[in-house]
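> The residues making up each chain are set out below.
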Amino acid sequence: SAVISQKPSRDICQRGTSLTIQCQVDSQVTMMFWYRQQPGQSLTLIATANQGSEATYESGFVIDKFPISRPNLTFSTLTVSNMSPEDSSIYLCSLTSGGDNEQFFGPGTRLTVL
Amino acid sequence: GQNIDQPTEMTATEGAIVQINCTYQTSGFNGLFWYQQHAGEAPTFLSYNVLDGLEEKGRFSSFLSRSKGYSYLLLKELQMKDSASYLCAPEGGGYNKLIFGAGTRLAVHP
Numbered sequence: 001s002a003v004i005s006q007k008p009s010r011d012i013c014q015r016g017t018s019l020t021i022q023c024q025v026d027s028q029v030t031m032m033f034w035y036r037q038q039p040g041q042s043l044t045l046i047a048t049a050n051q052g053s054e055a056t057y058e059s060g061f062v063i064d065k066f067p068i069s070r071p072n073l074t075f076s077t078l079t080v081s082n083m084s085p086e087d088s089s090i091y092l093c094s095l096t097s098g099g100d101n102e103q104f105f106g107p108g109t110r111l112t113v114l
Numbered sequence: 001g002q003n004i005d006q007p008t009e010m011t012a013t014e015g016a017i018v019q020i021n022c023t024y025q026t027s028g029f030n031g032l033f034w035y036q037q038h039a040g041e042a043p044t045f046l047s048y049n050v051l052d053g054l055e056e057k058g059r060f061s062s063f064l065s066r067s068k069g070y071s072y073l074l075l076k077e078l079q080m081k082d083s084a085s086y087l088c089a090p091e092g093g094g095y096n097k098l099i100f101g102a103g104t105r106l107a108v109h110p
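Chains Y and F are the protein sequences, given in the same order. 1 is the number of the first residue of the first sequence in the numbering used here; add one for each residue after it. 1 is the number of the first residue of the second sequence in the numbering used here; add one for each residue after it.
It is worth saying that the hints were derived from the structure and are not from the lab. Only true hints are included.
Here are some, though not all, of the chain Y residues that point toward chain F, as calculated from beta-carbon distances under 8 angstroms:
1. Ser42
2. Leu45
3. Leu92
4. Thr96
5. Phe104
6. Gly106
7. Gly108
Residues of chain Y placed beyond 10 angstroms of chain F at every Cβ, according to the derived structure:
8. Gly16
9. Gly52
10. Glu54
11. Val62
12. Asp64
Note that beta-carbon positions come from the ideal geometry of N, C-alpha and C, so glycine has one too.
With these hints in hand, go ahead and build the complete structure from the sequences.
Spelled out as structure tokens, the structure:
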């Protein structure tokens, strides 16, 4: 399976600032995904990021708040803009790999907004 | 709409067998994933079922009935390290789009 890394692994940020999270994969993948997991909750899909096209956002998520870049087949970024304490979550990138359509997750970025 | 239902918590004894059920309603269903998530860690892929029936993978097996909107994860020979949350995630509303249930927190005790 692909090896996925995320930076930063955790951060504490001030209200009103923005944070960009990086997701790096050791192989080329077409589809990458960004999820959020709020404290004590399950995962919620934010958007799908395909290389060469605009990200597709799920209901409740907008590009102005969560801009995404996908400059090549091994890298993506998610920015959490104008943060508030409600944005405190774990943010995870994932991708599909393998012949069985398995979806794997990065280690996550734990964000705390004060 | 989308709806996923699985028990919130379960407990079991080391060495025993436990079955975690999941019922779902999603549009455009393709298949169903199960993940294991230890506290503070990312989810780990366990299984992916597309066809009806049972798929066995070591101590873990997963079953799917597409017509009933039902799946279960079967864990055999439970070990203490199996204490974790187990997430049912149907793939629906688009290729590779996973919708996660709230998860079942399993506690394995000696």
